[in-house]
Amino acid sequence: MPVPSSDSPGVVPSKSSIFAGSGDLATEIGRMSDGSAHELNNLGALDSDEDGRSAKKRLGPVFWVAAGWFILVALAALLAPVLPLKSYTAPSAFIRKPPSAQFWFGTDTIGRDIFSRVVWGGRVSLAVAFASITFGVIVGGTIGIVSGYFRGRIETLLMGFCDVLLSFPALLLALSIVAFRGDQRDLLTISLAIGVVSIAPVARLVRANTLVYSQREFVTAARSLGARRGRIIVKEILPNVIFPVLSFSIIAIGLAIVAEGGLAFLGQSVQPPTPTWGGMISDGRNYLSNAPWISLMPCLILFLTVLALNLAGDRIREYFDIKDND
Amino acid sequence: MRFVRKKLVQLLVVMLCVTFFSFLLLELLPGDTATTLCAGAGGTECIEQKTAEFHLNDPMPVRYVRWLGGVVTGDFGSSARNAQPVSEALKQRLPVTIELLLYSQFLALIIAVPVGLIAAQRSGSLFDRGSTGVLFLFLAIPNFMLALVLILIFPVRLKLLNAVGYTPFTENPFKSLGSLLLPAITLAAAEMATYMRLLRTDLIATMQEDYITMAKAKGMSPRHILLRHAFKPSSFSLITVIGLNFGRLIGGTLLVEVIFSINGLGKYTVDGILGRDYIPVQGAIVVIALGYVLVNFAVDMIYAALDPRIRHARALV
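Order-wise, the sequence lines are chains V and Z. Read in order, the letters of the first sequence are residues 6 to 331 in the working numbering. Read in order, the letters of the second sequence are residues 5 to 321 in the working numbering.
None of these hints come from the bench; they were simulated from the model. Owing to the predicted nature of the structure, the values given are computational and were not obtained by experimental measurement. Using N, Cα and C, we set each Cβ at its ideal position, and we do this for glycine too. Among the clues, some could well be false.
Stated by the list, open to error - Selected chain Z positions facing chain V (Cβ under 7 Å, derived; list incomplete):
#1 Leu29
#2 Pro34
#3 Leu156
#4 Ala219
Generate coordinates for the entire structure from the input sequences, incorporating the hints supplied.
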C-alpha cells in the first residue's frame, strides 16, 4: 500500500500545518499554498507522469500560443495611449450596441466602446497583478529564504505569521486591507491587498525549496570554503529557488487578475471610472438578459489571459523541473 | 488515544490564535462599533456613551478576553447596525452555507470519481487526455465568470431556476436543492478538476504495486481490481484534499453567495466588513476557523482509521 504522499510531498498539507490550504476559492490565491502547489504539479504532470521520461524537453506549441496571447494582451495594454482607440471614458449616443464592425466588442450602458475599455482595463488589471505579485514575491521570498535557511525560532515565528495569514479566507483578508486603507481605492491599495494575500503561499514555496537546497553539497562546499551566510543565500540558494518561484508567479499573476475581479464584484476594486476587467464584468451583470456582451467580452479576454498564464506557467515549471530529469 | 488528545490540544491553540489575530486585524480597521451605531444620529455624546457601553476604551487584550468569555458562553455580541444577536444570525446562516458546501462537494465527486477511475484505467487514452483537458479548462475559469455564464444560460435564456434567492432545506428539500444548484455547480467546477487529477494520479501509482500484479495474475477482472483493490488505498489524498477544501470553502463561498444573493455565512461576513460592523465579522471568523479546524481534525481521524501507520507515526504534526 503506497503512502499517499510518496511521490509528491505536497499531498498532505494538513500534516505540515493545520492551516495549510486555507484560502478562498473566490480569489483562488489560497490555492497557491502548498496544497495547491501540488495540484498544479499534478496538472503539470499531464503528459509526463506515465512514461516520465519524455525524450527531449521542449516548451511545445501550447506554450508558444499561450505566451503569444499574453504578449499580445500585454502589448495592447502597454501601448493603449498610442493605439488608435476610441475614447474609453466619453459616453456616446450608441447605447448598448452589440458587437459590430464599428464597435468590435459592442458598447456599454452609456455608449462607451467596450473594446477600448478592455484594452485600457487590461492596463489596470495587469498593472495590479504585476505589482501585487512582485510585492508578494519580494516579501514572501525573503520570509521563505530566511526561515528555510536559518531555521530555529525565526522560522517558527515567520511561518507562524504565514499560517495566520493563510487562516483567513483570502478574499476576506484582501477586503480588510482595502477597508484598512479607508476610501482610497487606488491602484496601490488594490495591489497591496492582493499582494499581502500572496505573501504566505510564496513564503511556503520558497522555504520548501530553500530547505532542500541548503542540504545540497554545493552549499556545504561554499560553507566550508568560508563563505558568509549572506553570500551563500544570494549566490548559492537564490539562483536555485528562483525558477520555481518564477513559474509559480506566472500562474500567480493569473490568480491576481482573478482576485481583482473578485474584489470588483464586491464593489471594492479600483474606483470608477477607471476601467478594470473585473469592474467591467461586474458592471455588466445586471444587463445579462438584453446586453450580455457588456460582461462577456471582458470576461472572455480575462479568461483567455488567465488560461494562457496557467498553461505557460505550467510548461515553464515542467521545463525547469529538475526532478523530471532523474 | 494519545493521538486524539494531542490533536485536540492543537485544535484549541489554533482557535485561540485565529480569534486573537482576527480581533487584532479588525482592530486595525477604520471605524468601530460606536461610530457605526451613531452614524446619522447623535454626535460625540452618542459616541462617548456607546464607547463606554461597549468598553471600547479598554486595552485590546482586555476586550479580547471579555469577548472570548462571551463566546465560550455562547454570547457573540450583537450587530451594531440592526442589533441582531450574532449567535442568532449565525444559526440562520450557517446551515445555508453548509448545505451549499455539501451540495457542491457532492456534485464535484459524482463527476470526478467515475471520470478519475476511467481515466486511470485507460491512462493515455483519448478519454484520459480529453477529460484532463476539459477539467484543466474548468480550473482556469474564475468562479464569478462561471456564475455569470450559468445565470445567462439557465435563468435568463432557458427560464429555468432562479438566479437569486434560497429556499430553506427544511421547508422544501427539492426546491432548496434547485435554488442552490447554480451556486453549487459554480463551486464544484474547480474542485472537480483537482479531485479527478488526484484520484487518477494515485490510482496509477497504486496500480504499479505488487499486490495488484498478484491480483491480475490470479485472473481477477480489471474492474474488480480497480474498485476493490486499488480504489481504497488510492483515496487517501483525495480524502485529505476534500477535507481541506471543505474547511477552506466555509470561508470561500463568500463571492458566490454575494453573486447569487444567498444569505449565508460568507455574505454575512462581507456585509459586516463593508458596513464597518465588526462584531458579526468576528463571530463569523470564529465559526469559519472552527469549521476549518474541526474538519481537519476529522480528516486526521479518518486518515488514522484508514491507515494504522499514521496512528503510531511520530513525526506527523
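Provide an ascending list of the numbers of those earlier hints which the structure does not satisfy.
Going through the list in order, the structure violates hint 4 alone and respects the others.
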